[in-house]
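S.K.: Starting from the structure of chain A, add chain B where the hints point.
Protein chains in written order, with our numbering: chain A, 1 to 96; chain B, 1 to 245.
No lab work stands behind these hints, which were simulated from the structure alone.
Do not take every clue at face value.
[Said to hold, decoys possible] Just a few of them, taken from the derived set where beta-carbon distance is under 10 angstroms, the chain A residues facing chain B: (1) G40; (2) P50; (3) R59; (4) T60; (5) R63; (6) A65; (7) A76; (8) G81; (9) E92; (10) A93.
[What the hints assert, rightly or not] Quick list of in silico lysine to aspartate or glutamate cross-link-like pairs, DMTMM-like style, CA-CA up to 20 angstroms: (11) B/K205 - B/D157; (12) A/K13 - B/E16; (13) A/K13 - A/E42; (14) B/K205 - B/D178; (15) B/K161 - B/E200; (16) A/K13 - B/E19; (17) B/K161 - B/D192; (18) B/K63 - B/E222; (19) B/K209 - B/E59; (20) A/K13 - A/D82; (21) A/K26 - B/E19; (22) B/K209 - B/E223; (23) A/K26 - A/E16; (24) B/K161 - A/E39; (25) A/K13 - B/D24; (26) B/K205 - B/E156; (27) B/K205 - B/D170; (28) B/K70 - B/D37; (29) B/K63 - B/E223; (30) A/K13 - B/D26; (31) B/K209 - B/D178; (32) A/K26 - A/E42; (33) A/K26 - A/E39; (34) B/K161 - A/D70; (35) B/K161 - A/E16; (36) B/K161 - A/D82; (37) B/K161 - B/E191.
Glycine residues also receive a C-beta, built at the ideal position from the N, C-alpha and C atoms.
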Amino acid sequence: MHGGSRVHRLHVKIGELSGVEVDLLKTAFDTFRERTICEGAELAIDTVAPAWACPSCERTVARGAILRCDACGRPARMIQGDEIILQRIEMEAPNV
Amino acid sequence: MCETCGCGDPEIVPIEVQERILSDNDAQAGHNRSHFDGLGLLAINLMGSPGAGKTAVLEATAKLAGERLKLGAVSGDLATDRDADRLNASGIVSATITTGSACHLDARLVHHALHHFPSSDRDIFFIENVGNLICPAIYDLGQAANVVALSVTEGEDKPLKYPVMFQKADLVLLTKIDLIPHLDFDVAAVEDAVARVMPEANMLKVSAKTGEGIDTWLRWLEERRPATVERPSDGHQHEHDHEHD
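Bound conformation, chain B alone:
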């Protein structure tokens, strides 16, 4: 009770917290990161609008990588397994994370998918996020890099309209460049927009249809692969304090 004047009002005490509100997700993402490190793979969070060409880029990547790289993917999808089916058909070992009405993946969903993933010997692991230029940017999944697919049909101003997404990107893939001759699309304008929202602006131009630029994208990925590690049989080098279901 108030001890100042004896008024009987409760005493109000301030409690300093200073904690990130998404700290639970951050902790889970850190845990995922130790999974990825333990497995010696490169984890990529691939984001972009619905229809930006995320799945098509991965199909083209698998086609070019051939037997050279073992690729894996989990695809966030509201209601279907279509992306994972397409990726499996292209040679990428894939699983779906069904999100229902959720518009993004979080670290817990990815962790669950990792423990049910059919393979633990992948070189590059793509987390194909739900098609959305807003919410996925907020959630760390444990990835090594964020890649945003932006198709030429979406318009040059999208980076300025969705600055949070592009601020977090390590690479922008400008997709469907084979369509540029049919559009009034100004590549210099999108480069300028990216440079105003993405500190280390880096954009690669690709076409999944013609394969143009996919070699440069594959090189970008290979340069980021972790040094070879001795893989434990089950990929568990880290300390676990939880049960896996």
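Bound conformation, chain A alone:
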């Protein structure tokens, strides 16, 4: 590692239908960060509600509704809500 640079904050984006349970992810992070450069780092989680939309007219379909466009009859597509993304790492700049 370069000069003991420490990570201060990790930003992750987790969709509610990604299959990842946010509380369990926090527990896992707290467990596995020990004695790493992430020890003491904050895990900032941005949760994303699922949403579907018609691929033709972009009309949105509400969660729990039939996933088909009222207007066009086409199957709706998920536009968000299944992401598991490491967005950003905030860390100390290496001493130069």
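M.R.: Chain B in isolation, oriented as in the chain A frame:
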């Protein structure tokens, strides 16, 4: 060091990553996909609860397909070879992926199994996932389609309770329909539940016991088979940068 005020605190720099946390698995799944393409076979990720009837459906599929199609399968199993033994007995060339305490297959486990698989001339290759309606949905294995087996004894509300699994499904197989006369099971209710979590809702009703619906399921599979390709002797058309053990 901080150059703004000279306080001596380290300077914090943000590093943009924007990478999928499972990108390693995705890359491995892409590699598996090139294996499947090279072999000219249709790969199906078959998921469902323990006891949903995944193995029984495959046995019935082999019975109907007979000599017409060469079927292969790998079965994810925590501790036994029972599923692979049953499938081999039914005429499907099969191997077990022993997962120990892991509750799902990932692309690396499937890749390893592919390189130890006893046959490279299969038409349809089933990846029978570990019985579980949660974790298997998250991991791409390189399959062409995800199929979820849901048995009538599990209840009509399961699609609503496990939306991640059904969101990822290309087909739902409603299994054990021969039991419907003995149950208070509402087929319309499960169709409605599927339509609320699966964008291109598609459900086939089958019974491995009576064979009902297995013909439609087999047709669904055959329609998805890739166009015939010239098969290389070892199935390796893709570039490899790794050793096979």
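S.K.: The structure should be examined with respect to each hint, and the outcome stated for every one.
M.R.: Hints, verified against the model:
Interface hint status for A/G40: violated, as the beta-carbon distance to the closest one in chain B is roughly 13 angstroms, over 10 angstroms. Evaluation of the A/P50 hint against chain B yields a held restraint, the C-beta minimum of about 8 angstroms falling below 10 angstroms. The interface hint given for A/R59 is violated, since its Cβ lies 14 angstroms from the closest Cβ of chain B, which is over the 10 angstroms cut-off. The beta carbon of A/T60 is not positioned within 10 angstroms of any beta carbon in chain B (closest approach about 13 angstroms), and the interface hint is therefore violated.
With 10 angstroms as the threshold, the beta carbon of A/R63 comes within range of chain B, its nearest partner Cβ sitting at about 9 angstroms, so the hint holds. The restraint placing A/A65 at the interface with chain B holds, with a minimum CB-CB distance near 7 angstroms, inside the 10 angstroms limit. Taking 10 angstroms as the C-beta cut-off, the interface hint given for A/A76 holds, the closest approach to chain B being about 5 angstroms. At its closest, the beta carbon of A/G81 sits 9 angstroms from a beta carbon of chain B; the interface hint therefore holds under the 10 angstroms criterion.
Proximity of A/E92 to chain B holds as hinted, the smallest CB-CB distance being about 4 angstroms (cut-off 10 angstroms). Hint status for A/A93: holds, given a least beta-carbon distance of 4 angstroms to chain B, under 10 angstroms. Between B/K205 and B/D157, the direct Cα distance comes to roughly 16 angstroms. Compliance with the 20 angstroms bound is thereby established for this hinted pair. Between A/K13 and B/E16 the CA atoms are separated by roughly 13 angstroms; this keeps the pair inside 20 angstroms, and the hint holds.
Taking the CA atoms of A/K13 and A/E42, the gap is near 14 angstroms; set against the 20 angstroms cutoff, the hint holds. Between the alpha carbons of B/K205 and B/D178 the distance comes to roughly 10 angstroms, so the proposed pair stays at or under 20 angstroms and holds. For a cut-off of 20 angstroms, the pair hint linking B/K161 to B/E200 stands: about 18 angstroms separates their Cα positions. Only pairs whose Cα atoms come within 20 angstroms are accepted, and A/K13 paired with B/E19 is accepted, the gap being roughly 10 angstroms.
Of the pairs offered as hints, the one joining B/K161 and B/D192 holds, with about 13 angstroms between alpha carbons and a cut-off of 20 angstroms not exceeded. Taken as a hint, the B/K63 and B/E222 pair is honoured in the structure, with Cα atoms around 15 angstroms apart against an allowance of 20 angstroms. The hinted pair formed by B/K209 and B/E59 meets the criterion: a straight-line CA distance of about 10 angstroms does not exceed 20 angstroms. Taking the CA atoms of A/K13 and A/D82, the gap is near 10 angstroms; set against the 20 angstroms cutoff, the hint holds.
Restraint check for A/K26 and B/E19: satisfied, since their Cα atoms lie roughly 19 angstroms apart, inside the 20 angstroms limit. A distance of roughly 24 angstroms separates the Cα atoms of B/K209 and B/E223; the hinted pair therefore is violated under the 20 angstroms criterion. With a CA separation close to 15 angstroms, the supplied pair A/K26 and A/E16 stays within the 20 angstroms bound. A distance of roughly 36 angstroms separates the Cα atoms of B/K161 and A/E39; the hinted pair therefore is violated under the 20 angstroms criterion.
Taking the CA atoms of A/K13 and B/D24, the gap is about 17 angstroms. The hint holds against a cut of 20 angstroms. For the hint pairing B/K205 with B/E156, the CA-to-CA distance comes to about 13 angstroms; that is within 20 angstroms, so the pair holds. The straight-line distance between the Cα atoms of B/K205 and B/D170 is roughly 15 angstroms, inside the 20 angstroms bound, and the hint therefore holds. For the given pair, B/K70 sits about 16 angstroms from B/D37 by alpha-carbon distance, which is consistent with the 20 angstroms threshold.
Between B/K63 and B/E223, the direct Cα distance comes to roughly 19 angstroms. Compliance with the 20 angstroms bound is thereby established for this hinted pair. A distance of roughly 17 angstroms separates the Cα atoms of A/K13 and B/D26; the hinted pair therefore holds under the 20 angstroms criterion. In summary, the hint linking B/K209 to B/D178 is supported, as the alpha carbons are separated by about 7 angstroms, within the 20 angstroms threshold. Pair hint A/K26 plus A/E42 holds up; C-alpha atoms about 10 angstroms apart against a cutoff of 20 angstroms.
Between A/K26 and A/E39 the CA atoms are separated by roughly 13 angstroms; this keeps the pair inside 20 angstroms, and the hint holds. This hinted pair does not check out: B/K161 and A/D70 have alpha carbons roughly 24 angstroms apart, beyond 20 angstroms. For the hint pairing B/K161 with A/E16, the CA-to-CA distance comes to about 13 angstroms; that is within 20 angstroms, so the pair holds. Only pairs whose Cα atoms come within 20 angstroms are accepted, and B/K161 paired with A/D82 is accepted, the gap being roughly 16 angstroms.
Annotation: proposed proximity of B/K161 to B/E191 holds, straight-line Cα distance about 14 angstroms (limit 20 angstroms).
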